[in-house]
Amino acid sequence: MIQMNNVVKKYPNGVVAANGISVDIKKGEFVYVVGPSGAGKSTFIKLMYREEKPTSGDVVIAGMNLSSLKNRQVPHLRRQLGVVFQDFKLLPRLNVYENIAFALEVIEENPKEIRKRVMEVLDLVGLKHKVRMFPNELSGGEQQRVSIARSIVNMPKVVIADEPTGNLDPETSWEIMNIFEEINARGTTIVMATHNREIVNTIRKRVIAIEGGLIVRDVYGGDYGYEG
Amino acid sequence: MSVMYTEVTTAMKGRTIRRHFRESIKSLGRNGWMTFASISAVTVTLLLVGVFTIIMMNLNKVADDIEKDVEIKVLIDIIADPAEAKAAEATLMEEIKNMPGVAEVVYSSKEQELDLLVDSYGEDLSLFEQSNPLNNVLYVKASEPQQTVDIAKKIEKFDNISEVKYGEEKVGKLFSFLNTSRNVGLVLILGLLFTAIFLISNTIRITIIARRDEIEIMKLVGATNSFVRIPFVIEGMWLGVLGSIVPMTVVSIVYANIFKIIEPKLNGELLQLLDVTPLLYQVNALILVMGILIGVWGSFMSVRKFLKV
Ligand SMILES: Nc1ncnc2c1ncn2[C@@H]1O[C@H](COP(=O)(O)OP(=O)(O)OP(=O)(O)O)[C@@H](O)[C@H]1O
Ligand SMILES: [Mg+2]
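Order-wise, the sequence lines are chains G and D.
According to numbering that gives the first Met the number 0, the first sequence is numbered sequentially starting from 0.
According to numbering that gives the first Met the number 0, the second sequence is numbered sequentially starting from 0.
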């Protein structure tokens, strides 16, 4: 599902945030990406949804080689992915329903289908009773659930999350993790960058540790490995 | 692994078009003052374009009319022997007088011609009085203005004619006046045009910045580039269209009234204003099309710069 082959990413300011990364993530896997701050976790994630282009090497997602992907083909890639961020990125003027439906409206899905799918994902994240509320009326955990709902509403093959629990308290983080596990259980590949030792050590999955732009450890069922 | 590089290209659906229009209109309201400033700039520009076009079109018509009505100036060959010359001129005058459509023929000697020149260009020319280089001249007037050109062409074939002139001379001055005012007007309009385009592109830039988050999410979930861009281009178009309403109205009402007041007084005169139709249709179409072009161009500039998607 995701292959990287000797990927180097050098930012214009000279920082090398990926220094020869090779990895193969299969369909249906659940992968944590861990490592110290500034290690290159977010860069690794951004290379997958082509927020950043590799300086050299190949990134292949769902059969698309991002190195040769033209700008106008990027929408096609993005429709295969769901992306979740630490800061939710909800639109404050839209209510819960509209925020989720937005992701389908802008790819011109038909209205009947939109309604059906938005209700499905709201059910999955347990927010059916709050459809008419606005982001500022929701707790952080609820906002993150909306943003997760939005990321999966177009039925992506892969969900990529950059510190999705970074802004949440431990209790809420577990709820969010339950949702990711549920999504994963339905066959969606998940790649999640995180600093949350508790979670990584409890819900055991494949752990990829990055340091200085290099993969230093890649273990199925591994632990977080850094001192909190 | 086999790779399909399909692009996401869906023919635009009706509800998508409706959505783009809805978004563009919402944005107009949100930008309040910038919207107002842009529309005002377009309004001033197009008002000037309208007035200018109407004046120029009318002046062009006047020039045309005058050109049709001028006399023909026939320069007679210079013949050394005075007696021979007199005889030749007499024959020529007789021949021309007898042509169909000729109303009058007036003789002007080269001395009279020089006096005319001195009158209009000053004493400097009086030194030519010693050896006058000019020709004797016949001024011919057609009974119907439209026949001027025909008659002039026939006269050219007669004997003892050195040159036949008509039209250009008299209209020359008017044409040079027309040219000057056209250039001044164009420079002025060009300046305003750029101001209007600049203001529109600024308005659109503000819209784009205000909706950064929305655009980011749109791109993230796979909206196509054109889907992201089109609402902004439509917004620019609105600014152009809204800016052309006042100019179209004002130009139409004012010209129709001027026409109603002045036309009866010009009745039968040589000078005539252009009829209200089709002139106003043409000018209004010009205003509207220019408004749309200004708006779309202005927004394109911002969309290109700030929406690298
Ligand atoms: N857009 C950018 N331009 C220049 N340098 C960048 C850019 N983004 C990241 N970097 C640099 O690349 C390195 C890796 O950054 P990255 O954001 O990938 O780290 P991270 O592992 O996600 O860190 P954190 O855990 O703090 O989020 C850092 O040194 C950072 O300063
Ligand atoms: Mg990061």
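Rather than coming from a laboratory, the hints here were simulated on the basis of the structure.
Each residue gets a CB set at the ideal place from its N, CA and C atoms; glycine is no exception.
Watch out, some of these pointers could steer you wrong.
[Stated by the list, open to error] A few chain D positions that, by computed beta-carbon distances, are all more than 12 Å from chain G: (1) 114; (2) 222; (3) 292.
[To be verified] Just a few of them, taken from the derived set where beta-carbon distance is under 7 Å, the chain D residues facing chain G: (4) 74; (5) 214; (6) 217; (7) 281.
Cross-check of the supplied hints:
no. : hint : in the structure
1   : 114  : 78 Å, holds
2   : 222  : 4 Å, violated
3   : 292  : 26 Å, holds
4   : 74   : 70 Å, violated
5   : 214  : 10 Å, violated
6   : 217  : 5 Å, holds
7   : 281  : 40 Å, violated
Going through the hint list in order, the structure does not satisfy hints 2, 4, 5 and 7.
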